Amino acid sequence: DIQMTQSPPSLSASLGDKVTITCQASQNINKYIAWYQQKPGKAPGLLIGYTSRLVSGIPSRFSGSGSGRDYSFSISNVESEDIASYYCLQYDNSPRTFGGGTKLELK
Amino acid sequence: EVQLVESGGGLVQPGRSLKLSCLASGFTFSNYGMNWIRQAPGKGLEWVASISSSSSYIYYADTVKGRFTISRDNAKNTLYLQMTSLRSEDTALYYCAREVAVATLFDYWGQGVMVTVSS
Chain A
1 DIQMTQSPPS LSASLGDKVT ITCQASQNIN KYIAWYQQKP GKAPGLLIGY
51 TSRLVSGIPS RFSGSGSGRD YSFSISNVES EDIASYYCLQ YDNSPRTFGG
101 GTKLELK
Chain B
1001 EVQLVESGGG LVQPGRSLKL SCLASGFTFS NYGMNWIRQA PGKGLEWVAS
1051 ISSSSSYIYY ADTVKGRFTI SRDNAKNTLY LQMTSLRSED TALYYCAREV
1101 AVATLFDYWG QGVMVTVSS
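Respectively, the protein sequence lines represent chains A and B.
Here the first sequence is numbered in my numbering, starting from 1 and rising by one per residue.
Here the second sequence is numbered in my numbering, starting from 1001 and rising by one per residue.
Just chain A, with the same shape it has in the complex:
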């Protein structure tokens, strides 16, 4: 199984900050990574697919990049509604595996 090492586990930011989360795969995942946002008590919502493709309706302050084994997800100009947990998902190989998650909190 491909292991997805996501960091940091938690992140504290001020409104307007730029934050970056990384996921490192245990092997090349050919850009088949997605990013999800999960707010407390809610189901995860898809933000980005195939490394950098923003889902329709998702604000452009969210972005993704990377290749090979190393990927990142950024939020520029953090807003209060962005306070949530974020997860990466690799779907290059079965079984599909998630990163451990990053909890974004307000400083």
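Rather than coming from a laboratory, the hints here were simulated on the basis of the structure.
Since the model is a prediction, treat every value here as computed from it, not as a measurement.
Beta carbons: idealized from backbone N, C-alpha and C, even for Gly.
Check each hint, because a few of them may be wrong.
Restraint-style ranges between C-beta atoms, simulated for each label pair [said to hold, decoys possible]:
no.	chain 1	residue 1	chain 2	residue 2	range
1	A	Gly57	B	Gly1008	27 to 37 Å
2	A	Pro59	B	Ser1017	42 to 52 Å
3	A	Arg61	B	Ser1088	37 to 47 Å
4	A	Gly57	B	Val1005	16 to 26 Å
5	B	Arg1067	A	Asp1	14 to 24 Å
6	A	Ala13	B	Ser1017	38 to 48 Å
7	B	Thr1116	A	Gly100	21 to 31 Å
8	B	Ala1075	A	Ser60	25 to 35 Å
Capping the alpha-carbon separation at 20 Å, the derived lysine to aspartate or glutamate pairs in DMTMM-like fashion look like this [said to hold, decoys possible]:
no.	chain 1	residue 1	chain 2	residue 2
9	A	Lys103	B	Glu1001
10	A	Lys31	A	Asp70
11	A	Lys39	A	Asp82
12	A	Lys42	B	Asp1073
13	B	Lys1043	A	Asp70
14	B	Lys1065	A	Asp1
15	A	Lys31	B	Asp1062
16	A	Lys42	B	Asp1107
With chain A fixed as given, assemble chain B onto it according to the hints.
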């Protein structure tokens, strides 16, 4: 609007069985592969099982293989997860999720149903 509504969760003793359902609406259910994904309290996400649109292909996580059975009824727009020999480590919120294409990312998720395995 795509909707996925899970049901059937609850408190069950170790070793017992439980069957979850997920009723789908707002899309042509028979055209999409479906999945169960779980999240233990305060923990991350774990893919559990998947089933292709026509039930031809079924896959399980090693942690549930031989104990859980995924199935679907396209006439009823419903996905199922039969869980047997339940263990305390199966305690989690179980989500059903649609996949965009075979073995790819999950685009829509239900709100989840809680399963608690405890004596």
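Cross-check of the supplied hints:
1. Against the hinted window of 27 to 37 Å, the Cβ-Cβ separation of Gly57 of chain A and Gly1008 of chain B comes to about 31 Å, which satisfies the hint.
2. Between Pro59 of chain A and Ser1017 of chain B, the C-beta spacing of about 44 Å keeps the proposed range 42 to 52 Å intact.
3. At roughly 41 Å, the beta carbons of Arg61 of chain A and Ser1088 of chain B sit within the given window of 37 to 47 Å.
4. Checked against the given bound of 16 to 26 Å, the beta carbons of Gly57 of chain A and Val1005 of chain B, roughly 22 Å apart, stay inside it.
5. For the pair Arg1067 of chain B and Asp1 of chain A, the supplied restraint of 14 to 24 Å holds, since their beta-carbon distance comes to about 18 Å.
6. One distance hint, 38 to 48 Å for the beta-carbon pair Ala13 of chain A and Ser1017 of chain B, holds here, with the actual separation near 45 Å.
7. Judged by the Cβ atoms, the range 21 to 31 Å given for Thr1116 of chain B and Gly100 of chain A holds: they are separated by roughly 23 Å.
8. At roughly 42 Å, the beta carbons of Ala1075 of chain B and Ser60 of chain A sit outside the given window of 25 to 35 Å.
9. Among the hinted pairs, Lys103 of chain A with Glu1001 of chain B is inconsistent with the structure: their alpha-carbon atoms are about 29 Å apart, more than 20 Å.
10. The hinted pair formed by Lys31 of chain A and Asp70 of chain A meets the criterion: a straight-line CA distance of about 9 Å does not exceed 20 Å.
11. Taking the CA atoms of Lys39 of chain A and Asp82 of chain A, the gap is about 9 Å. The hint holds against a cut of 20 Å.
12. With a C-alpha separation of about 26 Å, the suggested pairing of Lys42 of chain A with Asp1073 of chain B is violated against the 20 Å cut-off.
13. For the hint pairing Lys1043 of chain B with Asp70 of chain A, the CA-to-CA distance comes to about 23 Å; that exceeds 20 Å, so the pair is violated.
14. Proposed proximity of Lys1065 of chain B and Asp1 of chain A is supported: the alpha carbons are some 15 Å apart, at most 20 Å.
15. Pair hint Lys31 of chain A plus Asp1062 of chain B does not hold up; C-alpha atoms about 25 Å apart against a cutoff of 20 Å.
16. For a cut-off of 20 Å, the pair hint linking Lys42 of chain A to Asp1107 of chain B stands: about 15 Å separates their Cα positions.
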